[in-house]
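Colleague: Kindly produce the complete structure, drawing on both the sequences and the hints.
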Amino acid sequence: MTDSSSYSEPVAVVLLSGGLDSMVSAAIARERGFAIHALTIDYGQRHRREIEAAQRIASTLGAQQHIVLPLDLRKFGGSALTADIAVPKAGVGGDIPITYVPARNLIFLALTVGCAEAAGAHDIFIGVNALDYSGYPDCRPEFIASFAETARLGTKEGVEGRPFMIHAPLQHMSKADIAREAHRLGLDTGMSWSCYDPTPDGLACGECDSCRLRQKGFADAGLEDRVAYISG
1 MTDSSSYSEP VAVVLLSGGL DSMVSAAIAR ERGFAIHALT IDYGQRHRRE
51 IEAAQRIAST LGAQQHIVLP LDLRKFGGSA LTADIAVPKA GVGGDIPITY
101 VPARNLIFLA LTVGCAEAAG AHDIFIGVNA LDYSGYPDCR PEFIASFAET
151 ARLGTKEGVE GRPFMIHAPL QHMSKADIAR EAHRLGLDTG MSWSCYDPTP
201 DGLACGECDS CRLRQKGFAD AGLEDRVAYI SG
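Be aware that the sequence shown starts at 1, since it is given in the working numbering, and climbs by one per residue.
Heads up, a few of these hints could be off.
[What the hints assert, rightly or not] Listed next, the in silico SDA-like pairs over lysine to any residue satisfying Cα-Cα at most 25 Å (straight line): (1) 216 to 130; (2) 216 to 98; (3) 75 to 200; (4) 89 to 76; (5) 75 to 102; (6) 89 to 219; (7) 75 to 136; (8) 156 to 114; (9) 156 to 67; (10) 75 to 103; (11) 75 to 114; (12) 216 to 19.
Treat the hints as calculated values from the structure; they're not laboratory data.
Modeller: Structural data, given as structure tokens:
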């Protein structure tokens, strides 16, 4: 990882999953004047489309660096995204769904802080959202605030008075708001990928929680979603 002092702009490390939210978060970081270092975690998720989408987005947004870090969470299992468990298709419910990956954002943010500290960067962007989402506990504002304090206490930079700023610019946006923000930023939303269970020929299923939330967001915003769905 190159030290951020070699860049004329301040550096932000962006946790880039390849989904719509992380794409918009990365574009906001760029709009705010940061040079982007993108970090994508290849955690053994059930499809590769997400990783491919992250690579396209990083390139399009002009990321100075893009690290794809292997971390095989299939060895833990416990989620429909990392084990041989069917992805639910009945609609978004009130409980935390089986697509929740145990402690995923906690693990990913810890890695992102490590990446940022090594690079001499103090700004981190993550595309979490706590309005139109599946109820994952690691997307809530109180988690992000608590993690920022943990990072301050547990790093050399933090204890020496240079804490990390965890930016969650989509935290209080609806999916419709996020779709509108993507449109405002001039992003090609077809580059991003949200579906948990794509078909073998690369179509989004349209029925998993992630597809349903995304489709509703674009519909509510009156905007076209350029991802191809089975039903589309």
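Colleague: It remains to establish, for every hint, whether it holds in the given structure.
Modeller: Now for the hints, and whether the structure bears them out:
| no. | hint | in the structure |
| --- | --- | --- |
| 1 | 216 to 130 | 16 Å, holds |
| 2 | 216 to 98 | 21 Å, holds |
| 3 | 75 to 200 | 24 Å, holds |
| 4 | 89 to 76 | 23 Å, holds |
| 5 | 75 to 102 | 12 Å, holds |
| 6 | 89 to 219 | 19 Å, holds |
| 7 | 75 to 136 | 21 Å, holds |
| 8 | 156 to 114 | 10 Å, holds |
| 9 | 156 to 67 | 22 Å, holds |
| 10 | 75 to 103 | 14 Å, holds |
| 11 | 75 to 114 | 22 Å, holds |
| 12 | 216 to 19 | 15 Å, holds |
Against the hints set out earlier in the document, no violation occurs for any number.
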